[in-house]
Amino acid sequence: MVRPFLALIGRDLRLAFRGGIGSLVSVVFFIIAVTLFPLGVGPSLDLLERIAPGVLWVCALLAAMLSLDRMFHDDHEDGTLEQIALGVLPLQFVALAKAIAHWLTTGLPLVLAAPVLAVLLNLSTKGFVILIVSLLLGTPILSLIGSIGAALTIGLRRGGVLISLLVLPLYVPVLIFGVGAVEGAIYGFGERAHLLILAGGLIVALVLAPFAAAAALRLSQE
Amino acid sequence: MVRPFLALIGRDLRLAFRGGIGSLVSVVFFIIAVTLFPLGVGPSLDLLERIAPGVLWVCALLAAMLSLDRMFHDDHEDGTLEQIALGVLPLQFVALAKAIAHWLTTGLPLVLAAPVLAVLLNLSTKGFVILIVSLLLGTPILSLIGSIGAALTIGLRRGGVLISLLVLPLYVPVLIFGVGAVEGAIYGFGERAHLLILAGGLIVALVLAPFAAAAALRLSQE
Amino acid sequence: MTPTPDEAATKAAPRRARGLHAFANPARFMRLARAIFPFSAVIAATTLIAGVVLGLAVAPPDYQQGDAYRIIFVHVPAASLAMIIYVILALAGAAALIWKHPLADLIGRASAPVGASFTFINLLTGSLWGQPMWGTWWVWDTRLTSMLILFFVYLGYIALHSAFEDPTKGARAAAILALVGVVNLPIIHFSVDWWNTLHQPATIMKLDRPSIDPSMMAPLFLMFVGFIAYYVLMLTIRVRSDIIARRIRNLRLAQSAN
Amino acid sequence: MAASPHQFDHPARLEARALGCVRGGRAVFQALDFVLDAGGALLLHGPNGTGKSSLLRILAGLLRPAGGRVLWNGAAIRDAVDDYCSQLHYVGHLDALKPLMTPRETLGFFAATRGEVALADEALERLGVAGLADTPGRYLSAGQKRRVALARLIASPAKLWLLDEPTVMLDLDATARLEALMGEHRAAGGLVIVATHTALALPGAARLDLAQFRPTAARRAIDGAGAALSFEDETW
Amino acid sequence: MAASPHQFDHPARLEARALGCVRGGRAVFQALDFVLDAGGALLLHGPNGTGKSSLLRILAGLLRPAGGRVLWNGAAIRDAVDDYCSQLHYVGHLDALKPLMTPRETLGFFAATRGEVALADEALERLGVAGLADTPGRYLSAGQKRRVALARLIASPAKLWLLDEPTVMLDLDATARLEALMGEHRAAGGLVIVATHTALALPGAARLDLAQFRPTAARRAIDGAGAALSFEDETW
Ligand code: HEM
Ligand SMILES: Nc1ncnc2c1ncn2[C@@H]1O[C@H](COP(=O)(O)OP(=O)(O)OP(=O)(O)O)[C@@H](O)[C@H]1O
Ligand SMILES: Nc1ncnc2c1ncn2[C@@H]1O[C@H](COP(=O)(O)OP(=O)(O)OP(=O)(O)O)[C@@H](O)[C@H]1O
Ligand SMILES: [Mg+2]
Ligand SMILES: [Mg+2]
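The listed protein sequences correspond, in order, to chains A, B, C, D and E.
Each residue of the first sequence is one higher than the one before, starting from 1 at the first, in my numbering.
Each residue of the second sequence is one higher than the one before, starting from 1 at the first, in my numbering.
Each residue of the third sequence is one higher than the one before, starting from 1 at the first, in my numbering.
Each residue of the fourth sequence is one higher than the one before, starting from 1 at the first, in my numbering.
Each residue of the fifth sequence is one higher than the one before, starting from 1 at the first, in my numbering.
Please keep in mind that the hints were generated in silico from the structure rather than gathered at the bench.
Being a predicted model, the structure only gives us computed values, none of them experimental.
The C-beta atom is built at its ideal place from N, Cα and C for all residues, glycine as well.
Wrong hints could be hidden among the right ones.
These stretches of chain D come out as covered by chain A in the derived footprint (C-beta under 8 Å, 3 or more residues) [to be verified]:
1) 66-80
2) 95-107
Partial list, computed: chain E residues near chain B (C-beta under 8 Å) [what the hints assert, rightly or not]:
3) A60
4) C85
5) A96
6) L97
7) F110
8) A112
9) T113
10) G115
Residues from chain A shown here face chain C by an in silico Cβ test under 10 Å; the list is partial [said to hold, decoys possible]:
11) L91
12) L152
13) V161
14) L202
15) A216
Take the sequences, apply the hints, and build the full model.
So this is what it looks like as structure tokens:
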């Protein structure tokens, strides 16, 4: 069971690497979106500093959301998904492997790019570490919840938006606690509670999301 | 020449309507992104009012950008594009028709949704009309420029990011003048100049973009 | 080939569920719906008219807000219905997934637009009310925000349902979503509550709760009953028309085969 | 005839009992029965749209029948899907090849999802595309892709082969290779079910004409209407 | 044999002169010549990967040859692409059908892109799928899709038909219909070029074995290296 699981993750990573810059969809989007803000909102440093945690987290969330429709799409189109379904790996592990690969190729790069962008937005240095930690805890939740939305919309033309609409309400709590942690650190009213909730959410999502996604996958093959 | 041109637009619109809510990609993304901001930045009305023009325009721009990779993708994948290329319509008109259909299904809905979202972000009422006008002038430019990027990345896996990178530099001026117009109206230092520049940009884009896109289409054909 | 009932389901299903399966018979459901239809129509019409009359003409104006408060007679029942219907949606989703109850699909499909409309009515009346009361159409208050998110949840449900050409598949997908969403609703509520209280204190003057006068309570209650009757009415109409539409569609498909 | 790379010792039997299929709300076939024993082959034929592909997907467990059962060694496949899946190979219309992955990698990956190690070189050799083992999928012609898809049959063992129009795009050489492989597989105790419109040498194969199981127009309408409230078209 | 819906009065001639093709940096064929006159048919055959599909795309103007020219009525097609395109029909591997569009709409749309009005009903009738005219593409079986794709040939007139493995997925009935259509088209003065691996009745057709134009291994390497910097492989 472990070998097929790792094979699936490994293949997704390999394809992502071969895809060249194309596989960096989310980070590139993240960077673009964040850099547009100073252009749109104006260069005032105070203002930027105040909105920095929110802008960073919202953009991270949008970036994670955008690549979701690719999670199962190609594999479904070219028949790979039905072959995987015929393999020995139970569908919830297929979903889990996909979510992990998604996080490694989108969430993790986001986390790595965040510090640079935080400087760009003049984020208070007190928030730096917590920003990273909150992203580290939050982005995997986004990938896991996202795998449900992606599985539900397999085979639908233009599933992309639908996914956004489906996962958005589920992303809101992550956003609120993520930003809450960073602001808590900056304004000094504490970040622990928020981070603990994020960690708890991650565990719950790890346990439950693959089952929901598996149910959706089962539905997806015509 | 007119009939194939209208047939192309008509078919795109019909497919968009049949796609149900899925065809509202951009508006849904626009609405989602805009609603996420108050959640991230906090509910303070002052702050929201100050960043409203920027947030609205950045989100509109991202929304328009996101649906670009769909412009030629499906038609390329299922062989429709090669049939269209074998038709009588010169490629620049194919590109123009695609850009128009793209604007009708993405840009126009954005313009229509903007007032409601402006209310949510507490945009000053003085900026309302100018926001609409600037979007009406700006979003077609985004579609036209976008058609070049979309044509250049036809057939590339994950062309999505590449498109973003290609069109972004050309989108930035639209963003700056769009926001400039709205802020000019709100803070009373005038919006005419900005709007005129946008209108000029639109005319230039209408004339030149289809040729560039056609060249890109031809390049990918040969 | 008569469609055999799902074997696994019949084997695993508890007795009650098999009882419910009786209604899966379209003909029986149609009879039931026909019976309910006039009742719900009459109740909805009378209570809504009475509620409007009482609310607009009989109830006294509020000493603070004047007549603007009358919007409450729509605003509050709409909010309740919006939430009640989501619970029904989730229960229908569970029934569809666990007991594979076909009627549950149709109920979910029929309920969602009604729930979404009530949510929208609540949002709309609230923001119309907010303009005179708070001086703004919208604030990012906890209750408002979670209501807005509920509206998105409804839209997602409807969109997912209609995205599938094959109605049964759409129903199953939507059922999964409804169940996932139900886990999420309390979380949203809770997190949104927390979000607002932790940040800067609310800048908006909060409305004092009007002490409810019986003359105000009566129309409120009537409107509430009227909304529920209206919902039942819509449910029966939509489920019935769904069944008929599917029959027609299948007949047409079958004919086009040869 | 070279020896098959895989030998199957225990006898196996696949049975379809009163299978019915409804797609898009329309009854496609009904009351379909067959029995296939180890070493046997079944050739599905019939006009376009009579349900050959649908039947193969039902047999692969990818589509749920509207009625009836599929039995593998006497047990309903729905009760032991995982075990059953690992004993079959399904090659459908889609080649399941990635533009960025080479045939060798592809075969390795699919064998891994079955918990096995791929005999990639041997498999590609047998299909006559050993020279393309390291050419990314995007550089392959239609027939070359098809050959790689068929190489999955050899790369990891499975008793039951379900092949949907396998000869499509294949040239004469490749068709002959496929015929040889099917012969060896049957000789080794495997089962083969093929849907095809073209001539294919399958000595002693049973033939099933799907057109014979078509419901009458009247029945179809009734079933379709009834199925609206049941679970037509459910899957997995 | 029913009369073709379209008649072509002026004679036409298609010539290939010293055509060469390089794909993915590798030379596929070279020095390929043929002449085809009105009423004639050319059957392309040869093992997988010898360049049949590539040749057809070159003839359709969708792929640029690495060398040589294609002449239509004596003029190089590159000089009058638009005019040439409107005189040909290309049916490739892809069916160009949308899941959400019905066959009638699809045919209407493609005819419109050619500036014409589709004979949709007649075309679907001729391919035996008149009953599916209003069924969305997603409900069609593989062979039904293929029939709709082939209906494009009838829905609007074109002198030159370029067909890439048209019989794939077709049943016997549909194959016979296609053969009849090709016969009528030729009788009416049309030209047909078909790449196929299956038997197809094309009386009096010239045959071209692509394997004969394969460059030698040495040549292939040289050509490939030279072509690496050119615009190989840009396709639609
Ligand atoms: C768009 C804006 C608004 C939204 C989305 C909204 C939402 C809601 C909801 C969901 C409830 C039901 C709460 C429950 O049943 O537990 C409710 C109740 C109520 N709303 Fe609003 N509301 C809005 C604006 C307003 C405004 C402007 C006022 C008056 C100034 C108002 C006054 C009330 C009152 C008096 C109740 C009933 C009291 C109670 O049950 O606690 N609302 N609203
Ligand atoms: N898109 C492509 N990019 C690069 N090389 C390609 C591409 N498509 C095909 N080739 C290569 O070009 C050669 C000719 O391919 P082509 O598809 O024309 O062959 P074919 O004769 O049609 O084969 P088949 O019988 O398998 O359809 C093959 O060797 C193949 O590897
Ligand atoms: N995805 C689908 N959704 C709904 N109906 C479908 C779907 N695929 C096929 N059908 C319908 O089901 C019937 C059987 O299709 P199937 O693909 O099994 O036929 P087939 O025998 O394989 O045909 P072919 O020879 O054309 O491949 C057809 O009438 C078709 O219209
Ligand atoms: Mg088939
Ligand atoms: Mg070919």
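Each hint, compared with the structure:
Taking a C-beta to C-beta cut-off of 8 Å, the region 66-80 of chain D contributes 0 residues in contact with chain A, too few for the three needed, and the coverage statement is violated. Check result for the region 95-107 of chain D against chain A: holds, 7 residues qualifying (beta carbon to beta carbon below 8 Å, three or more required). Below 8 Å, beta-carbon pairs count as interface contacts, and A60(E) has one with chain B at about 7 Å; its hint therefore holds. The interface hint given for C85(E) is met, as the beta carbon of that residue sits about 5 Å from the closest beta carbon of chain B, less than 8 Å.
Restraint check, A96(E) versus chain B: the minimum CB separation of about 4 Å is within 8 Å; hint holds. With its C-beta approaching chain B no nearer than about 7 Å, L97(E) sits inside the 8 Å limit, and its interface hint holds. Interface restraint check for F110(E): the shortest CB-CB distance to chain B comes to about 6 Å, inside 8 Å, so the restraint holds. Given hint, A112(E) at the interface with chain B, holds; its Cβ is 3 Å from that chain's nearest Cβ, closer than 8 Å.
For T113(E), the interface hint holds, the least distance from its beta-carbon to any beta-carbon of chain B being 3 Å, beneath 8 Å. About 5 Å separates the beta-carbon of G115(E) from the nearest beta-carbon of chain B, less than 8 Å, and the hint is met. Because the closest C-beta pair between L91(A) and chain C is about 13 Å apart, greater than 10 Å, the hint is violated. Residue-level restraint check for L152(A) holds (minimum Cβ-Cβ distance to chain C is 5 Å; threshold 10 Å).
Satisfaction of the interface hint for V161(A) is found here, the shortest Cβ-Cβ separation to chain C being roughly 8 Å, below the 10 Å cut-off. Nearest Cβ of chain C to the Cβ of L202(A): about 13 Å, over the 10 Å cut. The hint is violated. Hint status for A216(A): holds, given a least beta-carbon distance of 6 Å to chain C, under 10 Å.
This entry does not satisfy hints 1, 11 and 14, going by the numbered hints stated previously.
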